[in-house]
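Given chain V's structure and the hints, the job is docking chain Y onto it.
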Amino acid sequence: MHSITLRSDIAEKVNEIQEADILVGIPSYNNARTIGHVVKAVQAGLVKYFPGKKSVLVNSDGGSTDGTMDVVQNTAIEDFQSILVHHRVGPVFKIATPYHGIPGKGSAFKTIFEIAASLNVKACAVVDSDLRSITPEWIELLIKPVLEGGFDYVAPLYHRHKYDGTITNSIVYPLTRALYGKQVRQPIGGDFGFSGNLAQFYLSKDVWETDVAKYGIDIWMTTTAIANNFKICQSFLGAKIHDPKDPGADLSAMLYQVVGATFDLMETYTDMWRTVTTSEKVPTFGFEYAVGLEPVSVNLDRMIDKFRLGIKELLPIWEKFVPVEITQFLSNMVVVRKEEFHIPDDVRVKLIYSFAVAAHKKVLNKEHLLKSLTPLYIGRVASFVSESWESSAAEVEEKIDTLSMSFEHGKNALIAQWD
Amino acid sequence: MSDILDKILFEPFDRFVDRLVQFLPDILTAALIFLAGIVLGLILRSLLLRFFHAVNLDKFSERFGTVEMLKKGGVQEPFSLILSRLFGWILIISFSIISVRSLNIPAIDQILQKFILYLPNIFVALLILFFGYFLSNFLGRAALIAAVNAGLALSGSIGKFVRLTIFLLAVTMALEQLGIGKETIVIAFAIVFGGVVLALSIAFGLGGKEVAKNYLEKKLEGEEKKDDISHL
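Line by line, the protein sequences are chains V and Y. 1 is the number of the first residue of the first sequence in our numbering; add one for each residue after it. 1 is the number of the first residue of the second sequence in our numbering; add one for each residue after it.
So that you can see chain Y by itself, here it is in the shape it has in the complex:
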């Protein structure tokens, strides 16, 4: 009876304890590396921020038009802060990878290898999102201002529609880059976008029939009183 208990319970438990004892230093090392990464990342971020301030990076970037580009995209934070944060995060992520690899688990090693090979896709997807965000804000604002200057009552909706459409397009492209539901997402986007356009066309056609009629009548018959003001 005691032999059976030894074989079923105590021997596996002993082996588990042995492995745990062997593995514990790796876990501690990994945790230490991870913590060191966070601390170093924060320190690097703070040091770089001070350095960038000291070398007047924000003024330089303003001169080269980077700040204008960021502002065009609706990003108000200083370029120095964005860059120092980026470097801080790169360091933290690097330490996290080293920490996980220090566990010496073949399965995790394989996953990490795949992850590292996959990283360029993530980078490109992030770039697409980054520029998509800029472009959507920029073109959304341009559409809004143009619509207001044309006197269109739906200016706000037009601006939002343009912004959302471009950002959705960027998200679709980013997901495609990541290989997530490749065809499905493109088809879904096409269906949603086509559906929205069709819905708007039908809504405009039915709801705006009278408006369009009045507008055309005014245009053709010259009923609308225009300004003769010469601005220059």
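So here's chain V without its partners, still in its complex pose:
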């Protein structure tokens, strides 16, 4: 596929800018309602914290029909004095362009990487366009570790509601931590900082026709950075509050793309993860503080019903690759009362590892396999919700840490089954 920079309008803009120090990318699709705030925060962050640097803001759009790109072009902070005390106000170049390729976040990021590479930028950041809690400080926290700390990859660290980011908490974080040995708490956070070198490295990979082009991009970026020994850290950004993610998106498709990309990466970096035995913390920047979070409504009954329906109908499919003791446990869960509904950590670990091995051994069509994981995932979320109903954020974090340890302890069994 041709680079976006070959397009005349983009080439013209790149020629005009020539080179830049910092690039901030915002992928979007019908985010006219929220993107204005994000653009303002990014512009303020750039002029406030990097006044002497040449900066570019790139909006990579998926064909919005609600005027998202117009909002980006027309958004400007009228009164910088209210934000800045004494800094010089420098210009921030803007490029708003539709991306090419498979519709998805990953394709939007590819366009951002291409423009970053052609402008030879030193540091980049990407932030979601639906953020309501972004502040100018996010830009500093994502960019500074790269520009001044020599880091190649900055993952976000947020305070989120205990029932927010459940794919991250129950699958992606514990699995990534156990596999690659780095405790990156939000590996699919969506807001990252990275060096120009890493952007060029990402571009050199031939993954843009896979699930990486969609929701798989976040885990791919994090894992690629870790597995290729780029210097990584995380920055505390505060609360993450955003509009509901792609309301039309089907959970099973989302799960398929994210978990599918994670399992694909297990194939790519098998030699690396097999040798990792423990996990370590990564350097963390930013001042951690408690934040108030919006309540999250949960329909536990509906979740348990979906889990039970899954067991009733899909158990014969799972029996092909899930250990007998786990399928027996699942069968018993059909009659368990709501108050006693609980899926222990070791069952969760064995289930995820069984699915990973089944994907590796191609036991089933990959899409069927991963989409059949949805009811089990919902059951796991239901169990987590009922266990942590009264728990504080710190207690929930402890539970996630315990689950991650179970993933680490179960890794030998995974390696044994893998071959």
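Hints may contain errors.
[Said to hold, decoys possible] Calculated cross-link-like contacts (lysine-lysine; reagent style DSBU-like; alpha-carbon spacing at most 35 angstroms):
1) V:Lys366 <-> Y:Lys59
2) V:Lys320 <-> Y:Lys7
3) V:Lys205 <-> V:Lys361
4) Y:Lys59 <-> V:Lys320
5) Y:Lys59 <-> V:Lys350
6) V:Lys399 <-> V:Lys361
7) V:Lys361 <-> V:Lys411
8) Y:Lys160 <-> V:Lys361
9) V:Lys205 <-> V:Lys40
10) Y:Lys71 <-> V:Lys366
11) V:Lys366 <-> Y:Lys160
12) V:Lys411 <-> V:Lys281
13) Y:Lys71 <-> V:Lys411
14) V:Lys362 <-> Y:Lys59
15) V:Lys362 <-> Y:Lys71
16) V:Lys205 <-> Y:Lys59
17) V:Lys122 <-> V:Lys48
18) V:Lys94 <-> V:Lys53
19) V:Lys362 <-> Y:Lys160
20) V:Lys48 <-> V:Lys144
21) Y:Lys71 <-> V:Lys350
22) V:Lys205 <-> Y:Lys71
23) V:Lys399 <-> V:Lys312
24) V:Lys205 <-> V:Lys54
25) Y:Lys59 <-> V:Lys312
26) V:Lys361 <-> Y:Lys71
27) Y:Lys160 <-> V:Lys338
28) V:Lys350 <-> V:Lys411
29) Y:Lys160 <-> V:Lys320
30) V:Lys361 <-> Y:Lys59
31) V:Lys411 <-> Y:Lys59
32) V:Lys361 <-> V:Lys281
33) Y:Lys160 <-> V:Lys350
34) Y:Lys71 <-> V:Lys312
35) V:Lys312 <-> Y:Lys160
[What the hints assert, rightly or not] Cβ pair distances, simulated, as ranges:
36) V:Gln328 <-> Y:Ile180: 46 to 54 angstroms
37) Y:Ser157 <-> V:Pro323: 27 to 35 angstroms
38) Y:Ala203 <-> V:Thr210: 37 to 45 angstroms
39) Y:Gly205 <-> V:Asn332: 36 to 44 angstroms
40) V:Asn332 <-> Y:Glu77: 27 to 35 angstroms
Read the hints as simulated data drawn from the structure, not as lab findings. Model, not experiment: these values are computed from the prediction. All C-beta atoms, glycine included, are put in the ideal place defined by N, C-alpha and C.
For chain Y alone, coordinates are given in the frame of chain V:
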């Protein structure tokens, strides 16, 4: 009297014995060829299986996605076994044809000729059935998983319905290819399929009236409590 008996009984019997004596070697040859075909077919199957194992055919086929395709269709047996069986059967069938032709019976020769001309139809029909079976399993499972993820209580029935419909369609196409009741089968399929759809529509319309009403009310009035959980 004895002349009459000779003409009616003994002469035909003698002619029959003569022909039988002439024909016996052909029968024996045919039987021998047939038995040889079975034995050689079994030997070929066993040899090919060993050969395929030696050259790691299963691993190659896995790499080229053949195993995945078979598994998608619900076939769990190794590709090497399927292929060796196929060659074994081809050999047995070939020997059977040779054995029947060795009988030198013009009527059988004619039937065989027609049969050989008809073979491509059988082959195409088998191919249609083969892919129809794969497709019905694959799409049936896809429908089942999608229905479960959508939380539909009738997921199992939906999966079975999709699988059965596609397989029935494949059977109809295969029978049409074989020229068996051409129009009748297509019409029968259309009637049965249309009937099932109509029956389901009526059943859903009558039986599910309240369910549909409740569902629409909940949707329009926003009564259903939804999750705010952000999964990513």
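- Message: Let me make sure I understand: some of the numbered hints might not hold for this structure. Which ones are they, in numerical order?
- Response: 2
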